[in-house]
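Engineer: Sequence:
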Amino acid sequence: MTPPEDTVPPETPTEAMRAFLSGRFVVFDGPDGSGKSTQFRRFAGWAAAQGVRVTEVREPGGTPIGEQIRAILLDPRNKAMNVRCEMLLYMASRAQLLEERIRPALAEGHLVLADRFVSSTLAYQGTAGGLKQAEIMDVARVAVGELWPDEIVIFDVDVETAWKRMAAGRANSAPDRMELKSDAFHERVRQGYLEQCRADPARYLAIDARHDPETVFARLVEAFVSRMKAGIAPRF
5 MTPPEDTVPP ETPTEAMRAF LSGRFVVFDG PDGSGKSTQF RRFAGWAAAQ
55 GVRVTEVREP GGTPIGEQIR AILLDPRNKA MNVRCEMLLY MASRAQLLEE
105 RIRPALAEGH LVLADRFVSS TLAYQGTAGG LKQAEIMDVA RVAVGELWPD
155 EIVIFDVDVE TAWKRMAAGR ANSAPDRMEL KSDAFHERVR QGYLEQCRAD
205 PARYLAIDAR HDPETVFARL VEAFVSRMKA GIAPRF
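For what it's worth, the working numbering labels the leading residue of the sequence shown as 5, then goes sequentially.
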């Protein structure tokens, strides 16, 4: 079956890419309104068209327990939630997701695509929220153990563009608790992601997400083709 037109990327050697992606753990992350979820779906479809078995997960959530935690975290009524409580809830959801879905899928050779991971906590509760990065990492090591992503793709976008996209895509739905944060908060989130990219360029891929979805997707695939040609093996 021919893949949908919007999942067809630049030409890539299918066999080599299938071998490269199988058994990898890849995180798509970035500020709200960056378009990461759109690119996540497109990349998942493209990878499947290469013959890769794909497991898709999202954070917070992805499991029955995680979805209950997600509802608490995003409920606008929970204004009294402090940032440390917030961080621990995200980590609890993450720990369940890893053991219930991520680890088994990797063991079977699937490409695991995660919509957010520890990188989100470092940006939102760390850089923007004020918690120490070292404190977050200590808790993260308890939650995920030795299992860290092979690649973390950060979709970078300015706050103004992000707000416009969120307003256009929200239609009649109300913003969640995180979307209600100030512009200054979301700018700190963006800078937090960029700091992570600078600190670990071997693992992080920064994609300029200000452009149209087709351009962003083409650059995303190009980045993975480059890593494939460099022979970067999975860490797990």
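Do not rely on the hints blindly, as some may be mistaken.
Heads up, simulated EDC-like pairs for lysine to aspartate or glutamate below, C-alpha to C-alpha not over 20 Å straight-line [stated by the list, open to error]:
#1 K185 with E164
#2 K168 with E218
#3 K185 with D160
#4 K168 with D212
#5 K168 with D216
#6 K233 with E103
#7 K168 with E191
#8 K136 with E199
Keep in mind the hints are simulated off the structure, nothing from the lab. Note that the coordinates shown come from a computational prediction; the quantities given were computed from them, not determined experimentally.
Engineer: Give a verdict on every hint.
Structural biologist: Hints, verified against the model:
{"no.": "1", "hint": "K185 with E164", "in the structure": "holds (14 Å)"}
{"no.": "2", "hint": "K168 with E218", "in the structure": "holds (18 Å)"}
{"no.": "3", "hint": "K185 with D160", "in the structure": "holds (18 Å)"}
{"no.": "4", "hint": "K168 with D212", "in the structure": "holds (16 Å)"}
{"no.": "5", "hint": "K168 with D216", "in the structure": "holds (14 Å)"}
{"no.": "6", "hint": "K233 with E103", "in the structure": "violated (31 Å)"}
{"no.": "7", "hint": "K168 with E191", "in the structure": "holds (15 Å)"}
{"no.": "8", "hint": "K136 with E199", "in the structure": "holds (14 Å)"}
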